[in-house]
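With the sequences and hints as input, model every part of the structure.
All the letters of the sequence shown, read from the start, carry residue numbers 1 to 121 under the UniProt record's numbering.
Calculated from the structure, these hints are not laboratory results.
Being a predicted model, the structure only gives us computed values, none of them experimental.
Please note: incorrect hints may appear among the correct ones.
Said to hold, decoys possible - Lysine-lysine pairs mimicking DSBU-like chemistry, simulated, CA-CA at most 30 Å apart:
1. Lys50 x Lys101
2. Lys91 x Lys50
3. Lys49 x Lys101
4. Lys84 x Lys107
5. Lys80 x Lys64
6. Lys107 x Lys64
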Amino acid sequence: MDTTDMKKLEMEEEDEEEEILGGIFEVEGSQSDPTINSLARFAVDQHSKKENAIVEFVKVVNAKIQDVAGVLYYITLEAKVGEKVNVYEAKIWEQSWLDLKELTEFKLVGDAPSVDSGKKA
1 MDTTDMKKLE
11 MEEEDEEEEI
21 LGGIFEVEGS
31 QSDPTINSLA
41 RFAVDQHSKK
51 ENAIVEFVKV
61 VNAKIQDVAG
71 VLYYITLEAK
81 VGEKVNVYEA
91 KIWEQSWLDL
101 KELTEFKLVG
111 DAPSVDSGKK
121 A
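Structure below.
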C-alpha cells in the first residue's frame with residue numbers, strides 16, 4: 001500500500017468518525033422506551049403551556065437522537081386536540097449534567113393515520 005492509499009484510508013476513517021459523532025440515529029424500540037415517552041410527554045406539556053391549549057399525548061411514533069453538546073431528540077408523536085389526533089414532530093435538547101431540558105421545536109406534521117385507512121369498504 002503506497003502513501004496515497006494510506007492517506008485515502010485515513011480520510012475515510014476520519015469521515016466515518018465524524019458521521020458517528022454528529023450523526024442522527026434511529027432509536028430502536030422508541031415506542032415503548034420510557035425515556036423517549038417521558039420526553040414526548042414533556043414536549044406535549046410544554047407546547048400546551050406555550051400555546052395555552054389542551055393537547056393530550058397519545059403515543060410515540062418514532063424517535064431519533066443526535067449527539068450535540070448534549071443530546072438532541074427528534075420525536076414524532078401523536079397527540080389529541082379535542083377528538084382529533086394529529087402527528088407532530090418535536091425536538092428536545094437535553095444536557096443531563098446541567099439538568100437542562102428544552103423544547104426547541106414542536107410542529108404539526110398532519111393527521112394521524114386512521115384505524116380504518118387500511119380497510120376496504
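Below or equal to 30 Å on CA atoms is what counts here, so check Lys80 against Lys64. holds, 22 Å
Pairwise hint evaluation, Lys64 against Lys107, where the allowed Cα distance is 30 Å at most: holds, 16 Å
For a C-alpha distance cap of 30 Å, please report whether Lys91 and Lys50 respect it. holds, 15 Å
Check whether the Cα positions of Lys50 and Lys101 lie no farther apart than 30 Å. The hint holds at about 15 Å.
Would you check the hint for Lys49 and Lys101, treating anything up to 30 Å between C-alpha atoms as holding? Given that 30 Å is the threshold and the Cα spacing comes to 15 Å, the pair holds.
Taking 30 Å as the top limit, are the C-alpha atoms of Lys84 and Lys107 close enough? holds, 16 Å
No hint from the list above goes unmet by this structure.
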